[in-house]
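> Chain by chain, the residues:
There are 2 protein chains.
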Amino acid sequence: MPSHADAPQAAPPTVRPRADATTAERFARSAAALEPAAPVAAAPDVPAWLGRRRRAHDFRVERIPLADLEDWTFAPTTGNLGHHSGKFFTVEGLDVTAVDDGGHHHWQQPIIRQPEVGILGILVKEFDGVLHFLMQAKMEPGNPNLVQLSPTVQATRSNYTRAHRGAAVKYIEYFTRPGRGRVLADVLQSEHGSWFFRKSNRNMIVEAAGDVPLLEDFRWLTLGQLAALLHQDNVVNMDARTVLSCIPLPDTDGRAHLSDTDLLSWFTEERARHTVSATRIPLANVSGWKRGPYAVEHEDGRYFKAVGVSVRAGNREVTGWTQPLFEPVEPGVVAFLTRTFDGVPHVLAHARVEGGFLDAVELGPTVQYTPANYTHLPARRWPPFLQHVLTAPPEAVRYEAVHSEEGGRFLNAESRYLLVEADESVAPLTPPPGYQWVTPGQLTSLVRHGHYVNVQARTLLACLGAMRTAR
Amino acid sequence: MPSHADAPQAAPPTVRPRADATTAERFARSAAALEPAAPVAAAPDVPAWLGRRRRAHDFRVERIPLADLEDWTFAPTTGNLGHHSGKFFTVEGLDVTAVDDGGHHHWQQPIIRQPEVGILGILVKEFDGVLHFLMQAKMEPGNPNLVQLSPTVQATRSNYTRAHRGAAVKYIEYFTRPGRGRVLADVLQSEHGSWFFRKSNRNMIVEAAGDVPLLEDFRWLTLGQLAALLHQDNVVNMDARTVLSCIPLPDTDGRAHLSDTDLLSWFTEERARHTVSATRIPLANVSGWKRGPYAVEHEDGRYFKAVGVSVRAGNREVTGWTQPLFEPVEPGVVAFLTRTFDGVPHVLAHARVEGGFLDAVELGPTVQYTPANYTHLPARRWPPFLQHVLTAPPEAVRYEAVHSEEGGRFLNAESRYLLVEADESVAPLTPPPGYQWVTPGQLTSLVRHGHYVNVQARTLLACLGAMRTAR
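For the record, the sequence lines run as chains A and B.
Using full-length UniProt numbering, you'd call the opening residue of the first sequence number 1 and step up by one each time.
Using full-length UniProt numbering, you'd call the opening residue of the second sequence number 1 and step up by one each time.
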């Protein structure tokens, strides 16, 4: 079947339908395909393949004292940690005041500042009529197992415009040059608002025009295969998960507890009733945090640390480097409570304030916490729904896997991701303020736009999307 | 015909259709109604009625020296201008660095900071099966003719939560209390990014449940009547225009030059290629601006001034007040170039950077400039398309009216708003970088969400919307 790029060059039409109904169906077909098409090289056992790539490169990551970071220094006056080139990112301080109907919250914390917008892009291509996703076995120093399945491209703008030295980014031309492919999704999405200051990346899915060379460390996989891999721990990296959440899957039902207008109105009220003022301050001035030889950390040992690592690859020309990473002190738990109303599955979204969000509030999972911060307290003082998630009986757990966050910035940042079935006694149809029932189809509509769905909820949306289309 | 609120109280359904197809059609029906329905009090000649209200209240606005502003002072260290209560707004400084592929731009300017989100709300109600809009004759001191047609409600959060003294906001309960009405549109929209620091207001349209008392200074008008009034100078105020732009009118065609996916991708690239850093600085430190007895103004007399006014009403218990306003030095010109491709009307949108935008870039009109800043230069150095708009032959002008911006903050901030038909020689199908052809239907989809369409483009969208449905 020739792709559109192989067709004779007729004058393009000046107008076309605004919506392409076939795209959603094509993704659904890929989700139903549990094996790659015949023209694609036999798919390896992906986790085993990732392990082989890790051993082949002989990657080694070691913790080092902050003073041993090469070309990274704490600025004398501000104490901000940055690279001498001014590139990459800085670790600075943030002062946050959040006001809502319930009161006034104020805190200070270290935060990563990286104003550049990067590209997280997956190249797709039809083989035998089924879309396949070009995925990469990529090492990131913060990943617990170093090598995970990544998007085709994961690059900062300096990276791919070659503003600083470094090898060319493979396949980048499909995402930057018109005519090399057809865009199926392209949206700026926020990253972790508790660790990044207003960071967003461009999440892209591009369908290749013409043949695509298959390079080492890359494989074509169907969405059905990716869905299966999302059930395994630490296989699909965060960047891949967020891009997968942007797939425009069909909403076969078209019904929901709230109409789209009512959902947007609820969200508007949530955003309007929170006034968040977040101001960058010098890292040296962040109260309650201290700088030691190995870490910038909280005085009570809570939340996270900024640490240093050195990265080496044993077997080839890759130059090693050192860099800071944020390391959470304890693992997290991230969960949507789910219910089915009149045959339509819903998840319970939480309008969350995170200090680093550009626009104050985004929709997060029902539960997104570090349990260790609460388990010493009586359960009545835990955040809403956390106890139910931690004590859910196995038969209520519809999905569970451990995933880690972006390994280029976060060290061993693992969370247990869950979908937990609830009932009226736990999670009523009329939920508490700040929570609302939404369908996966509604979340899929919202992620066409930025500023709506946070990165943890997008990981769960990727899992939901694969599950609901594969049924 | 009973409204839904009059129906017997059955248990509400747990799910409903995500989209309500009838809402768009109901607004279209109102646009086609050029007279109010019989049950509504005879519509006055609106401009004459506005004039009568102005004379009845005997409003008087006078310029005063900045030193005569009561309870407003310049802070000793920063020079910021603020109210002693800490309420209302402040005039501060802004330092902006904008970087794109074309280079590096840096400037400083005064800016209005008002972190609170207000409500701009229009109450609608069906009479004889036609939606009518409850509009207010409202005085704002900066309006050239003082009294214009405003939304039902125009209130800051402090206003309507009664955080500070002041009369209750009329009809506010329809916008803040569930059950008093049904939300038809509700979205946070940006205001002027060149004059406000990250200001947004909630734009709401609510359909009233049950009878609505008609208070003095309010009238029910059809969308068709409002469309006619939008063709008159200085009748429909900015707040009303932006709310009217959020009406979910039907897209009867469903085709466009770019698919929605391609349009969002183009916009994402525009936002990604601009890095804008906007930092608040003390007003006293803004370079190139000076403070005199009557104004904070640019040293070369360009752009705008911050001035003081006193406001008095002669005939009743309204207490007078004084306040600062921003006054543009020269009138503006705001225009969309329009073309029809294959029978589908399009406008040429411009991805604009304004220093006060929360997210760097929004879609603006093709032209949004103060001509006086350029007319001393040779035409080749004018901004793109400005010359064509200023010299367009009368037969190419499809719409023209003078409108003023928010009269509570801006004094005599008039612009000539135009829709100007263009052709391939002036505005090619493949426009210059930063410009793109979009349909009014696509803009209507985008204004369901914030951060996409700037306030000047929304005024033109309101005009377009009324024109296209009334055809």
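Rather than coming from a laboratory, the hints here were simulated on the basis of the structure.
Note that the Cβ used here is the ideal one computed from N, Cα and C, for glycine as well.
Be aware that one or more of the hints could be misleading.
[To be verified] Only part of the chain A face toward chain B is listed, based on derived beta-carbon distances under 8 Å: (1) Leu34; (2) Arg180; (3) Asp186; (4) Arg202; (5) Gly254; (6) Ser259; (7) Asp260; (8) Thr261; (9) Phe341; (10) Asp342; (11) Val426; (12) Leu429; (13) Thr430; (14) His451.
> Hints first: check each against the structure and report whether it holds.
Here is what the structure says about each hint:
1. Leu34: At about 27 Å, which exceeds the 8 Å cut-off, the nearest Cβ of chain B leaves the hint on Leu34 (chain A) violated.
2. Arg180: violated, 13 Å
3. Asp186: holds, 4 Å
4. Arg202: Result: holds, 5 Å to nearest chain B Cβ.
5. Gly254: holds, 6 Å
6. Ser259: Result: holds, 6 Å to nearest chain B Cβ.
7. Asp260: holds, 5 Å
8. Thr261: This hint holds: Thr261 (chain A) lies near chain B, its Cβ roughly 6 Å from the closest one there, short of 8 Å.
9. Phe341: holds, 4 Å
10. Asp342: holds, 5 Å
11. Val426: violated, 16 Å
12. Leu429: holds, 6 Å
13. Thr430: violated, 10 Å
14. His451: Hint holds; His451 (chain A) Cβ to chain B Cβ min 7 Å, cut 8 Å.
In summary, the numbered hints that this structure violates are 1, 2, 11, 13.
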